[in-house]
Amino acid sequence: MTDDHQLRVSKIQNGTVIDHVAAGQALNVLAILGIDGTSGEAVSVGMNVPSDRLGRKDIVKVEGRELSQSEVDVISLIAPAASINIVRDYDVIEKNRVVRPDVVTGIISCPNRNCITNADEPITSRFTVLSDGVRCDYCESIVREDEVAANLDVN
Amino acid sequence: MRQDHLISAAHLSREDIEAVLDRAAEIDDDTAAFRQRHAGKVLGLCFFEPSTRTRMSFDTAMKRLGGQTVDMGPVESSSVKKGETLADTVRVVEGYADALVLRHPSEGAATMAAEFVDVPLVNAGDGAGQHPSQTLLDLYTIRENAGLDDLTIGIMGDLKYGRTVHSLAEALTNFDASQHFISPESLRLPRNVRYDLHASGAQVKEHTELDEVLPELDVLYVTRIQRERFPDENEYRKVAGQYQIDAETLKAASDDLTVMHPLPRVDEISPDIDDTDHATYFEQAHNGIPVRMALLDILLSQADD
Numbered sequence: 001m002t003d004d005h006q007l008r009v010s011k012i013q014n015g016t017v018i019d020h021v022a023a024g025q026a027l028n029v030l031a032i033l034g035i036d037g038t039s040g041e042a043v044s045v046g047m048n049v050p051s052d053r054l055g056r057k058d059i060v061k062v063e064g065r066e067l068s069q070s071e072v073d074v075i076s077l078i079a080p081a082a083s084i085n086i087v088r089d090y091d092v093i094e095k096n097r098v099v100r101p102d103v104v105t106g107i108i109s110c111p112n113r114n115c116i117t118n119a120d121e122p123i124t125s126r127f128t129v130l131s132d133g134v135r136c137d138y139c140e141s142i143v144r145e146d147e148v149a150a151n152l153d154v155n
Numbered sequence: 001m002r003q004d005h006l007i008s009a010a011h012l013s014r015e016d017i018e019a020v021l022d023r024a025a026e027i028d029d030d031t032a033a034f035r036q037r038h039a040g041k042v043l044g045l046c047f048f049e050p051s052t053r054t055r056m057s058f059d060t061a062m063k064r065l066g067g068q069t070v071d072m073g074p075v076e077s078s079s080v081k082k083g084e085t086l087a088d089t090v091r092v093v094e095g096y097a098d099a100l101v102l103r104h105p106s107e108g109a110a111t112m113a114a115e116f117v118d119v120p121l122v123n124a125g126d127g128a129g130q131h132p133s134q135t136l137l138d139l140y141t142i143r144e145n146a147g148l149d150d151l152t153i154g155i156m157g158d159l160k161y162g163r164t165v166h167s168l169a170e171a172l173t174n175f176d177a178s179q180h181f182i183s184p185e186s187l188r189l190p191r192n193v194r195y196d197l198h199a200s201g202a203q204v205k206e207h208t209e210l211d212e213v214l215p216e217l218d219v220l221y222v223t224r225i226q227r228e229r230f231p232d233e234n235e236y237r238k239v240a241g242q243y244q245i246d247a248e249t250l251k252a253a254s255d256d257l258t259v260m261h262p263l264p265r266v267d268e269i270s271p272d273i274d275d276t277d278h279a280t281y282f283e284q285a286h287n288g289i290p291v292r293m294a295l296l297d298i299l300l301s302q303a304d305d
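These protein sequence lines are chains A and B, in that order. By the UniProt record's numbering, the letter at position 42 of the first sequence is numbered 42, and the numbering carries on one by one without gaps. By the UniProt record's numbering, the letter at position 269 of the second sequence is numbered 269, and the numbering carries on one by one without gaps.
Incorrect hints may have been included.
Unchecked claim - Per the computed footprint, the stretches of chain B lying under chain A, defined by three or more beta-carbons under 8 Å from a beta-carbon of chain A, are: (1) 82-90; (2) 115-128.
To be verified - Just a sample of chain A residues kept apart from chain B, beta carbon distances all over 10 Å, derived: (3) 15; (4) 27; (5) 49; (6) 72; (7) 91; (8) 119.
Stated by the list, open to error - Each pair of labels, with its calculated beta carbon distance range: (9) B:207 - A:105: 35 to 41 Å; (10) B:14 - A:47: 48 to 54 Å; (11) B:255 - A:106: 53 to 59 Å; (12) A:47 - B:53: 54 to 60 Å; (13) B:95 - A:47: 56 to 62 Å; (14) A:56 - B:207: 52 to 58 Å; (15) A:69 - B:203: 41 to 47 Å; (16) B:33 - A:105: 46 to 52 Å; (17) A:27 - B:246: 54 to 60 Å.
Hints were generated in silico from the structure; no laboratory data involved. Idealized CB from N, CA, C, for every residue including glycine.
Based on the sequences and whatever the hints tell you, model everything.
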């Protein structure tokens, strides 16, 4: 059944399928990947597709691109059930569930404008990953899972 | 204490706290015995925002241990005015001093600064974040007056931006303390402090009115509601008067209630409380000296090992 639903969006020849993204998070996944449609990459997006595992899910297929670990780390924060499928010549040659890291560095901006990481100091933002969000290692502010996407600093 | 720096009360164990308070009690008993304890040592005072009590008490504490202090002076006349980063400032002052005390308007400043220096660093207040040395003197005062276990404490005022409150609440999770937080809705404890209290299993209740809890309290810790934090003056006026106490208010309290305040106060504690047995805020301020002497003694001695 899942394959049928995946066909709602076109197959890709080479690239990455990010599957089992929490419903409603596809556009945030695109933001994490820095995809806004201006760079010519072919992208297919399925939103609110029926899923056995999640009830509803989003799918993002990106032609001609494999993801960096830091991109996968951030995706894991907003879509902890996501799987990353590497496609070559229309075949899935590698399929991995995302794993939430213990710490994410340099990819989220602290929303606390008075945090020292937002001053002009020679440091990189660093967040400890919690069960339902992340916490700034400097000012200790907590960013909930549903707020992470709004504070991404990956582009 | 096991760590090199004092950045956050969340890093303090009960053993760490008791080590400092016990040393402070020894110093209180015989200050003269500590007079040359750290002769020849220098403490660097880096205050990026105004301070009277904290700066003076660290200065005094170091001198009473036989040491000296170097003070970077007001920000307006320092290299900070030329655009120097905090990271550079502390690395420079580290070269002049055996330990540093840092106050800074940004949350997380002490955590960051500690990454750039090898000498012990004490967070003397980072924005609305933490103020752990104040907490140690608060705990010393509470221990002297009410004991630290089987304690019911009310903490009232600006709980959102009050760094002394954040540090105290987190430190009290080491003890058998029931904590009652009294504030306007708009000034409740911040999310991260509530998260830590919940994670520690602390007994916590939140209130908007003092009279809901006053008769139960052993200690009432009052902080100033900071007018400048309110975007609307009318909103400030609505809540400010509710969080002022006077002798009349305390008629509903236990005779043994200890009233504390990190000072400076404005109008949240009426002067008619000053001469009552409840008033402990000036004793609390004086306790800053033995407690900061104890803290510096422990950190400097550890650094020598």
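Cross-check of the supplied hints:
For the stretch 82-90 of chain B, the proposed coverage by chain A is satisfied: 3 residues have a C-beta within less than 8 Å of a C-beta in that chain, meeting the threshold of three. By the rule of at least three residues with a Cβ nearer than 8 Å to a Cβ of chain A, the coverage given for the stretch 115-128 of chain B holds, with 4 such residues. For residue 15 (chain A), the non-interface assignment is confirmed: its Cβ lies about 39 Å from the closest Cβ of chain B, beyond the 10 Å cut-off. For residue 27 (chain A), the shortest C-beta to C-beta distance to chain B comes to about 26 Å, beyond the 10 Å cut-off, and the non-interface label holds.
Against chain B, the non-interface label of residue 49 (chain A) holds: every CB pair exceeds 10 Å, the least being about 33 Å. No beta-carbon of chain B comes within 10 Å of the beta-carbon of residue 72 (chain A); the shortest separation is about 26 Å. At the 10 Å boundary, the C-beta of residue 91 (chain A) stays outside the reach of chain B, the nearest C-beta of that chain being 45 Å off. Listed as a non-interface residue, residue 119 (chain A) fails to keep its Cβ farther than 10 Å from every Cβ of chain B; the least gap is roughly 6 Å.
Between residue 207 (chain B) and residue 105 (chain A) the CB atoms are about 40 Å apart, so this pair conforms to the stated range of 35 to 41 Å. Between residue 14 (chain B) and residue 47 (chain A) the beta carbon distance is about 51 Å. The supplied range of 48 to 54 Å therefore holds. A beta carbon spacing of about 57 Å between residue 255 (chain B) and residue 106 (chain A) agrees with the range 53 to 59 Å that was offered as a hint. In this structure, residue 47 (chain A) and residue 53 (chain B) meet the distance hint of 54 to 60 Å, their C-beta atoms being roughly 57 Å apart.
As the Cβ distance of residue 95 (chain B) to residue 47 (chain A) is approximately 58 Å, the hint placing it in 56 to 62 Å holds. Residue 56 (chain A) and residue 207 (chain B) have their C-beta atoms about 41 Å apart, which leaves the hinted 52 to 58 Å range violated. The beta-carbon spacing between residue 69 (chain A) and residue 203 (chain B), approximately 42 Å, falls within the hinted interval of 41 to 47 Å. Between residue 33 (chain B) and residue 105 (chain A) the C-beta distance comes to about 47 Å, which sits within the given range of 46 to 52 Å.
Here the CB-CB span from residue 27 (chain A) to residue 246 (chain B) is close to 56 Å, well matched to the stated 54 to 60 Å.
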